[in-house]
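Engineer: In order, the protein sequence lines correspond to chains A and B. If you read the first sequence in the numbering used here, its first letter stands for residue 38, the second for the next number, and so on. If you read the second sequence in the numbering used here, its first letter stands for residue 576, the second for the next number, and so on.
Keep in mind the hints are simulated off the structure, nothing from the lab. Bear in mind that the values here come from a model prediction, so they are computed numbers and not experimental data. Treat the hints with caution; some may be incorrect.
Away from chain A, derived, C-beta distances all over 12 Å, residues of chain B [said to hold, decoys possible]:
1. Gly644
2. Glu723
3. Val749
4. Cys791
Derived Cβ-Cβ restraints for the label pairs, each shown as a range [what the hints assert, rightly or not]:
5. A:Lys311 <-> B:Asp605: 45 to 55 Å
6. A:Glu244 <-> B:Lys698: 14 to 24 Å
7. B:Trp706 <-> A:Glu244: 30 to 40 Å
Glycine residues also receive a C-beta, built at the ideal position from the N, C-alpha and C atoms.
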Amino acid sequence: MKVAYWPGCVSRGFTPELHGSMAKVAPLLDIELVELDRACCTGAGVIAEHNQELADTLNARTFALAQQVDGAELMMNICSTCQGAQSECQERLDANAEYRAHVNTTLAAEGLTYETGLTNKNFLWLLVEEIGLESLAARVKRPLTNLKVGPFYGCYIVRPRERLGIDAEHPRDHYLDQVIDALGGTVIEYAGMRKCCGFPIITMNKEASLKQAGRHLGDAADADADCLVTPCPLCHLNLDLQQPLAAGVVGRELNMPVLHLPQLVGLALGLDPKELGLGRHVVKPTSVIDWSTSVVAAAA
Amino acid sequence: MAEVHDRPPEQFTLKLRRYDPESGGAPYWDEHTIELEPHRSVLEAILQARDRFDGSIGIRCSCRQAICGSCGIRVNGEPALACHTHLDAAKLSAENGVIEIEPMGNMPVIKDLIVDMDAVHWKKIQRVTPWLLAKQPVPEREYLVSKEAMVDVTQTMACIQCGACVSDCLAMEVDPGFIGPAALAKAYRFVGDPRDDEQFERLNDLAQDPQGIFDCTHCFKCVQACPKDVNPMGQIMRLRRIAIGDHHIVDQNNGERHEAAVTGLIRNYGLLHEAEMIPRSYGGNSWFAKFTPAAGKELLSSLPVIIKGVLRGKMNPKIAIFGHKIPSADLKAVQAIYDKIESRPERYELNLYIAGEDEETAPVAAAVAAGTSADGGETPDAGETPNAPTSPEGSANQ
């Protein structure tokens with residue numbers, strides 16, 4: 038399937054292995070990525086906090102660019118924060134025709150128009166709803182047997198439920214569990230799996246921010262997880278890049294690898310850990326988990 | 576369709592978290608099976624368990640119609656009003672069909688399901704001066720206020736002080752001193768009231784407090800928890816917006832600088848320039864920020880992380896120094912959008928709580944939820960200044 042692809046900023050900045058691994062995984066899932074390289078940052082909630090109309094207009098511009106991609110079935114992102122920020126703007130734009138018209142007046146300078154009806158899905162949602170768990174499982178070349186994976190959902194992709202289309206028929210707040218399971222891994226539940234990673238307040242209250250990250254990582258370790266997987270690069274920054282500092286704040290060893298979702302999928306689909314950028318993490322998964330065998334197992 | 580009230584009684588099993596601090600014993604779980612019609616409330620189930628099996632179960636309640644805010648608890652881990660949660664819905668979200676009932680979080684337990692609201696919730700409400708500081712001179716009769724201005728604060732006035740948002744607040748979980756969602760929503764009730772004389776003082780106080788408006792982690796927990804759609808996090812964002820946008824308050828917590836850094840960097844690059852975000856959030860929105868003492872100290876403390884990141888190839892030196900940009904024609908278009916919108920005399924906003932949704936968009940929302948593409952919908956006429964969808968006030972109260 039062809040998708041208008043919004044990678045976000047951080048996946049091309051401080052977590053380049055995320056964008057890179059998505060590019061490697063896409064062909065294995067028959068996804069054609071048409072990158073929206075003209076689009077700007079979603080604002081990650083900060084622009085909306087500063088000026089709601091500005092955030093809505095910048096994101097409407099991205100939606101309009103996505104609607105121009107010939108043959109694309111939908112728009113796909115690989116960042117939970119982008120999903121949350123975009124869904125919030127789209128909710129307002131879709132709810133009120135006059136407001137939409139007002140925003141489109143600004144977009145008219147570039148000849149762009151946003152029309153309601155765009156479907157925007159995080160890669161996680163697309164995996165379950167468009168590709169399907171059975172089809173995903175059928176493509177697995179190296180099942181994640183014995184790998185105990187803790188899903189880290191974060192906030193933006195699970196709350197608020199109504200805005201994000203989460204209901205009994207679409208339990209999107211359980212999709213990570215389902216994907217881990219389809220890839221042959223073992224799901225590890227722990228207290229912090231749907232809590233905040235702390236990133237949004239890293240510059241405002243660093244101690245509280247790192248305490249959040251440290252506690253979740255510690256909870257996962259106590260639940261005996263080998264690694265975490267997250268659909269959010271901002272969560273990844275706090276959970277992986279900042280992990281040495283978070284360990285200091287919570288006063289314990291953590292050493293918990295955190296994988297991006299496309300990396301976990303790529304491993305199961307048979308890709309080499311190196312080409313998925315697993316060596317680029319601060320906590321190298323390769324130092325904790327033995328990927329060399331055909332059946333992935335926790336290192337002794 | 577059969578009337579829901581016609582459904583016969585069924586058995587429901589409750590797993591209750593019990594705790595009596597005065598006993599000196601540890602908390603424990605207690606199970607009771609009760610019988611009620613599925614549409615009846617979790618509160619009725621708890622009361623039946625108390626009446627039939629154990630008179631010592633502690634629960635606080637009063638109105639039984641979701642208006643007094645007394646019976647806040649956690650049902651299957653989620654905050655809820657016991658009287659406003661149907662048994663069938665609770666069973667559906669329960670693991671193994673057993674409905675798990677606990678006291679609210681972030682507050683000390685007095686007994687079983689009763690938490691000490693005075694020790695946390697009410698103390699925080701008092702913190703925000705929850706009364707009108709009237710403009711002088713006080714008119715002889717009543718103040719005359721526009722209807723729109725009052726409608727604007729009705730969302731926060733809908734709060735019934737149940738504490739569900741406090742219970743679920745993730746910032747408070749790691750920083751118990753955080754003023755928190757309920758109290759900050761209450762603060763907006765007066766900041767947004769045109770009769771109040773101390774908008775700046777209130778905002779300056781809440782912005783400078785290290786556990787004030789900039790301590791919120793933006794996790795949407797309170798938005799999801801609130802049974803009355805108060806949207807506490809949305810109110811906190813409005814407080815930030817008025818503090819920074821209208822009063823130009825520069826706080827000691829980097830709140831204003833962080834916002835200026837992120838919005839400024841996106842304006843300059845189209846994308847977030849992460850390497851610049853941290854120093855600018857500490858030292859101000861300029862390339863020279865990294866040379867300020869505040870930013871220098873922070874960068875120094877983060878040095879182990881920075882070095883490791885560079886060594887692992889997480890940070891491409893070229894991107895770390897020069898940033899990454901969208902194509903120049905697009906950057907110009909983005910900057911033109913910034914210029915146009917930021918030069919408006921008043922911020923323009925849509926509050927769906929007040930404006931509601933257009934009826935014709937319902938199928939689209941459903942389609943998005945269902946994961947299918949919907950029709951393109953109508954192409955709206957371009958109108959520069961529509962009036963219906965705006966929140967009632969101009970910049971002062973958004």
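Engineer: Now tell me if each hint is right for this structure.
Structural biologist: Hint check:
1. Gly644: The claim stands: glycine 644 of chain B keeps its Cβ more than 12 Å from every Cβ of chain A (closest is about 21 Å).
2. Glu723: 16 Å, holds
3. Val749: 4 Å, violated
4. Cys791: 8 Å, violated
5. A:Lys311 <-> B:Asp605: 45 to 55 Å: 54 Å, holds
6. A:Glu244 <-> B:Lys698: 14 to 24 Å: Holds - the Cβ-Cβ distance for glutamate 244 of chain A and lysine 698 of chain B, about 22 Å, lies within 14 to 24 Å.
7. B:Trp706 <-> A:Glu244: 30 to 40 Å: Hint holds: Cβ distance 33 Å, inside 30 to 40 Å.
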